[in-house]
Amino acid sequence: MLNATGLGGNANRRYRAGKLEKRNTLIAYTFLAPNFIGFFIFTLIPVAFSIALAFLNWNGGALNTITFAGLENFATLLKRFNFTRNELGVTLKNTAFFTLFTVPLSIACALLLALALNRAVCGAKVFRTIFFFPYIASLVAVCVCWSFMLMKLGPVNQMLELVGISVGKSWTQSREYAIWALIIVSVWRNAGYYMVMYLAGLQGVPAELYEAATVDGANGWHKFWKVTFPMLTPTTFFVSIMMTIYCFKIFDVVQIMTEGGPGRSTKMLVNYIYQLAFIDIKYGQASAVAMALFAIVLIITLAQFRIEKKWVNYM
Amino acid sequence: MRRIMAVLLAAVMLACLAPAALAEEDVTITVVAWDIATTPYYQMYKEAFEAANPGLKVEYIDLAAQDYSQKVGTMLAGGDKSDVLFIKELSDATNWSAQGYIAPLDDYIAADGLDMGAFAGMADCYVDLEGNQVALPYRADYWVLFYNKDLFDAAGVDYPTNDMTWDQYAELAKQMTSGTEGVDKVYGSHYHTWRSDVVNWAVCDGVNTLADGEYGDLAYFYNLALDLEDAGAVMAYPDLKASGLHYRGAFAAGNVAMLPMGYWEMGNLVSDTNSGDMSFNYGFVAVPHKEDVPAGSTFGSPTGASINTASENKDAAWKFLSYIAGEEGAKTLAPTGNRPAFINDAVAEVMALVDGFPTDEASKAALIPTAVYLEWPIGEKVTELKTMTDEEHTLIMTRELTVEEGIAEMNERAAEILAD
Numbered sequence: 001m002l003n004a005t006g007l008g009g010n011a012n013r014r015y016r017a018g019k020l021e022k023r024n025t026l027i028a029y030t031f032l033a034p035n036f037i038g039f040f041i042f043t044l045i046p047v048a049f050s051i052a053l054a055f056l057n058w059n060g061g062a063l064n065t066i067t068f069a070g071l072e073n074f075a076t077l078l079k080r081f082n083f084t085r086n087e088l089g090v091t092l093k094n095t096a097f098f099t100l101f102t103v104p105l106s107i108a109c110a111l112l113l114a115l116a117l118n119r120a121v122c123g124a125k126v127f128r129t130i131f132f133f134p135y136i137a138s139l140v141a142v143c144v145c146w147s148f149m150l151m152k153l154g155p156v157n158q159m160l161e162l163v164g165i166s167v168g169k170s171w172t173q174s175r176e177y178a179i180w181a182l183i184i185v186s187v188w189r190n191a192g193y194y195m196v197m198y199l200a201g202l203q204g205v206p207a208e209l210y211e212a213a214t215v216d217g218a219n220g221w222h223k224f225w226k227v228t229f230p231m232l233t234p235t236t237f238f239v240s241i242m243m244t245i246y247c248f249k250i251f252d253v254v255q256i257m258t259e260g261g262p263g264r265s266t267k268m269l270v271n272y273i274y275q276l277a278f279i280d281i282k283y284g285q286a287s288a289v290a291m292a293l294f295a296i297v298l299i300i301t302l303a304q305f306r307i308e309k310k311w312v313n314y315m
Numbered sequence: 316m317r318r319i320m321a322v323l324l325a326a327v328m329l330a331c332l333a334p335a336a337l338a339e340e341d342v343t344i345t346v347v348a349w350d351i352a353t354t355p356y357y358q359m360y361k362e363a364f365e366a367a368n369p370g371l372k373v374e375y376i377d378l379a380a381q382d383y384s385q386k387v388g389t390m391l392a393g394g395d396k397s398d399v400l401f402i403k404e405l406s407d408a409t410n411w412s413a414q415g416y417i418a419p420l421d422d423y424i425a426a427d428g429l430d431m432g433a434f435a436g437m438a439d440c441y442v443d444l445e446g447n448q449v450a451l452p453y454r455a456d457y458w459v460l461f462y463n464k465d466l467f468d469a470a471g472v473d474y475p476t477n478d479m480t481w482d483q484y485a486e487l488a489k490q491m492t493s494g495t496e497g498v499d500k501v502y503g504s505h506y507h508t509w510r511s512d513v514v515n516w517a518v519c520d521g522v523n524t525l526a527d528g529e530y531g532d533l534a535y536f537y538n539l540a541l542d543l544e545d546a547g548a549v550m551a552y553p554d555l556k557a558s559g560l561h562y563r564g565a566f567a568a569g570n571v572a573m574l575p576m577g578y579w580e581m582g583n584l585v586s587d588t589n590s591g592d593m594s595f596n597y598g599f600v601a602v603p604h605k606e607d608v609p610a611g612s613t614f615g616s617p618t619g620a621s622i623n624t625a626s627e628n629k630d631a632a633w634k635f636l637s638y639i640a641g642e643e644g645a646k647t648l649a650p651t652g653n654r655p656a657f658i659n660d661a662v663a664e665v666m667a668l669v670d671g672f673p674t675d676e677a678s679k680a681a682l683i684p685t686a687v688y689l690e691w692p693i694g695e696k697v698t699e700l701k702t703m704t705d706e707e708h709t710l711i712m713t714r715e716l717t718v719e720e721g722i723a724e725m726n727e728r729a730a731e732i733l734a735d
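Here the protein sequences line up with chains A and B, keeping their order.
If you count by this note's numbering, then the first sequence holds residues 1 to 315, one letter each, in order.
If you count by this note's numbering, then the second sequence holds residues 316 to 735, one letter each, in order.
A portion of the hints provided could be inaccurate.
As the list claims (entries may be wrong) - Okay, derived cross-link-like pairs now, BS3-like style, lysine-lysine, Cα gap no bigger than 25 Å in a straight line:
#, chain 1, residue 1, chain 2, residue 2
1, A, K79, B, K701
2, B, K679, B, K696
3, B, K403, A, K152
4, A, K79, B, K696
Claimed, not checked - Covered by chain A, per the in silico footprint, the following chain B stretches (three or more residues, Cβ under 8 Å):
#, stretch
5, 346–356
6, 627–640
Claimed, not checked - Non-contacting residues of chain B with respect to chain A, defined by C-beta distances greater than 12 Å in every case (computed):
#, residue
7, A392
8, L555
9, E699
10, T702
Please keep in mind that the hints were generated in silico from the structure rather than gathered at the bench.
Glycine residues also receive a C-beta, built at the ideal position from the N, C-alpha and C atoms.
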């Protein structure tokens, strides 16, 4: 068939393709615009403003009452810094303790659940749904239920009594146990969600690796440590980063279950930010703590990526 | 035809303008306040005041409650000429006075002979650093002791009185306690989980405040509350905290004999009585007092109003302010269930007329306290001290710290806060 446009056809087509590309790009941007405008106004500007606020003095009055503070907000926060009395020190210590236990426990529970449900157990699908349920249940309802279960004469204490452990007080009302109540709820809530990730990871482990291991005479224990676990390290890496971030920004569970108490035993960094901003009306200092929180999470995440190469195995 | 229309229209317009022109001598008082649409008494003030003062009109400017103080501060800085300013935060009165935004009222008060004693001390927080009265309270919530009459009748025990010491109260609470948990338990009293409900009584001597950095005066009240807990006469704090039981539900359940609480609870009790939701009779008396403190001393917090220095109708503004803060305004406010700051026998009479109000004489007498002290004084570090005392309160009440340890920690932390 003859080309109707003759010699100029090729160039013309190229010209038209360029125009089409431009139009497509424009259409793509138009589709993205509503989302991006929303993100720009409601996320990007407030984030930028909060960074700026860390270096300003503002107690909520008219905008012309804002004054430049330099590093004063940070200096105020670090004044007499220690881990027993200073507000920042205490909340930092509590958050670190909470993270230190919640992250490994969540990972262990999620992995165990996934391993158990990855076999062709009768009713595996039902159990998967059951274990995932805490993640989609209303957080407030979950926290209130756990508070009741962990009360002085609640079911948890009664069961512990049966095995000879006497707690004798409401978990959320004790300096010793309150933080453990928060850890239990967080682990219980997150384990089901990350179990799903591990299940997906397990699907990706090639069967021939197990076959080879069997031929080499490996038992179940060896297979787990030499095949399953190394093959799951990318999932573990992802889960540990997500859980660390979750733990550092923990707020809702604390606010509902303990309000940071008794005393300051469960007061976390975000609770402190909330208090500074909305009770003491010191937006500058609140932003300064928020910046510190951001820096901590960033450093930990970067460190995790740095050591990633040492233990994460991408096949 | 068109010309006729034009003439007619002009005539109509003139006719509309005429009454406005005639009424030009009317003075309009501009009043700045918050939540006007949702608070019925503003409208009641306006109607009653305009009816009593022909020629004076009241016009409200409604601002959002949330950042009311900042907004009014900005308006005043910009030379706003509104006449009357309602005051939301106690500290605003002293701040605005220091900046010359609000006018001293002493000459007006002296000229009118306003009975300052009727405020039972609640006007004192509106005295500025130079000793001028710069605002007057129109509302004041204070704390009283509610009790369940039916439980006292059933036990054959005399009702609480307006002159009881805290020791007598504790004894009475133990006397009223009976039964077994889950079956027929009656609690002698009830403390809500707030710090104010357990230990704020220390400020009722008019000497101690919660902002002075010295908390030894709270020990007596902590020991009293923990002792009642040990005796099973009040529900245990950790259980209340863990279960989140509200004091209103606890008292309404009908097995709590006494409840120290703010006067605002009256509104709920009145409406529950009228709706038939409440199955028992109640009364209230003045809160107990320590041996060396006069009976009828309590604590509370006022809400007031002031006059703008830049107002061009100061005399008219004073008329409105003295009306809402004085006896007439108090009588207007009384039927709404809110407690007027100005209280005398005549006002108490109107308050007691409300349907569902207890009918006994002791309740009526308890409407007039001897002295009302501020729950928290005005000060720079007050929010920090509030948070700190609340935190230590939870430690003492959960018995994680002994009373002595807790108070020592309060003192140490207060010293650090006040030093900054």
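Evaluation of the provided hints:
1. K79(A) - K701(B): 21 Å, holds
2. K679(B) - K696(B): 38 Å, violated
3. K403(B) - K152(A): 41 Å, violated
4. K79(A) - K696(B): Holds, at about 17 Å.
5. 346–356: Violated: only 0 residues of the stretch 346–356 of chain B have a Cβ under 8 Å from chain A.
6. 627–640: Check failed, 0 qualifying residues.
7. A392: Violated: least Cβ distance 8 Å, not greater than 12 Å.
8. L555: 10 Å, violated
9. E699: The assertion about E699(B) is violated, with a minimum of 7 Å to chain A.
10. T702: 6 Å, violated
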